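A.B. asks: With the sequence shown counted from 1, adding 1 to any position gets you the working numbering.
Simulated from the structure, these hints should not be mistaken for lab results.
None of these values were measured; they are calculated from a predicted model.
Fair warning: there could be bad hints in the mix.
To be verified - Straight-line C-alpha distance at most 30 Å; calculated BS3-like pairs for lysine-lysine:
id, residue 1, residue 2
1, Lys-239, Lys-108
2, Lys-125, Lys-239
3, Lys-233, Lys-244
4, Lys-99, Lys-75
5, Lys-244, Lys-108
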Amino acid sequence: LGHLHHRHLASTDPLAFLWLSTKRRGGGHHRNMRTMMKTNVQTNATRNVKRKAVHVEGNPKEVLDESDFQRMKKEMAKYDAEREVVIKRSRDIQKLSKQAIFSLHRKDVERASKQIEDAMEAAKEIEPVVQANPTLRGGSFSSALEEYAEAVIFRHYLSRGELMSSQEQDIKMCNIDEYLGGVLDFTGELNRFAIARATHRDLDEVERCRDLVEALMGVFLQFDLRNGSLRKKYDALKYTLKKLENTLYELSLTNAGLVTKPQEIPMPEAKEDEGAED
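Please take these sequences and the hints and turn them into a complete structure.
C.D. replies: See below:
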């Protein structure tokens, strides 16, 4: 069978015919023929690769539009540049808003108003960029506007004793999530403000703070908040209300004389050392 197979190959393939002939002549010719066949196979493979390379490395316009990719590259570079500007200015907005809140706690309303104004100008500067690329709003810019809303709402409460509406001009650039986030953050500052007023035995102001947080608690119970930053801030609202209630309770006891005020605690009398030498 092997002999018939070799004869069939010799009749169909010239190289096989030469191989069979050299095999009959001797081993040396057989080895030389195997080397020739191997070299021939490698040469054919190299030629095929070259043909494929010539086909791929031909004129690119035949298989793709390179200008289309250049256009996309420019758009991506422009988007990245605008994103860097938004991130940088958002940091400025957030920083100015935090400084304004700090100034308000120190009763420096004039300085706080200037810081809020500067934050608003920075937000207006990048607002057209964000409107042109809505994906740039989430993240840094949205967080900065929440901080800005918190500062504006806190200033409004200190001057008027009420919660600022979302339709007010100073806060209209914030969307619903940013406004609600600012309101929830504001309750934390309201708790700090209430504690400061409690040290001055200002029971009425502490009650107003408690009443506002309690009213907000009732309002937010009507919202179906999905898991996210708003939900986490709402959960913190429960603890803020509890802290205000405890502060109000302790202050009420102090004002009623049931708890000794710190300044009324008598100083301990000096005692002579029992083991002193005569």
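A.B. asks: Now look at each hint and say whether the structure bears it out.
C.D. replies: Hint-by-hint comparison with the structure:
1. Lys-239 <-> Lys-108: This hinted pair holds, its Cα atoms lying about 27 Å apart.
2. Lys-125 <-> Lys-239: Since the Cα atoms of Lys-125 and Lys-239 sit roughly 34 Å apart, the hinted pair is violated (cutoff 30 Å).
3. Lys-233 <-> Lys-244: It holds: about 17 Å lies between the C-alpha atoms, which stays within 30 Å.
4. Lys-99 <-> Lys-75: violated, 36 Å
5. Lys-244 <-> Lys-108: Distance of about 23 Å is within 30 Å: holds.
In the structure shown, a violation is registered for the earlier hints numbered 2 and 4, in ascending order.
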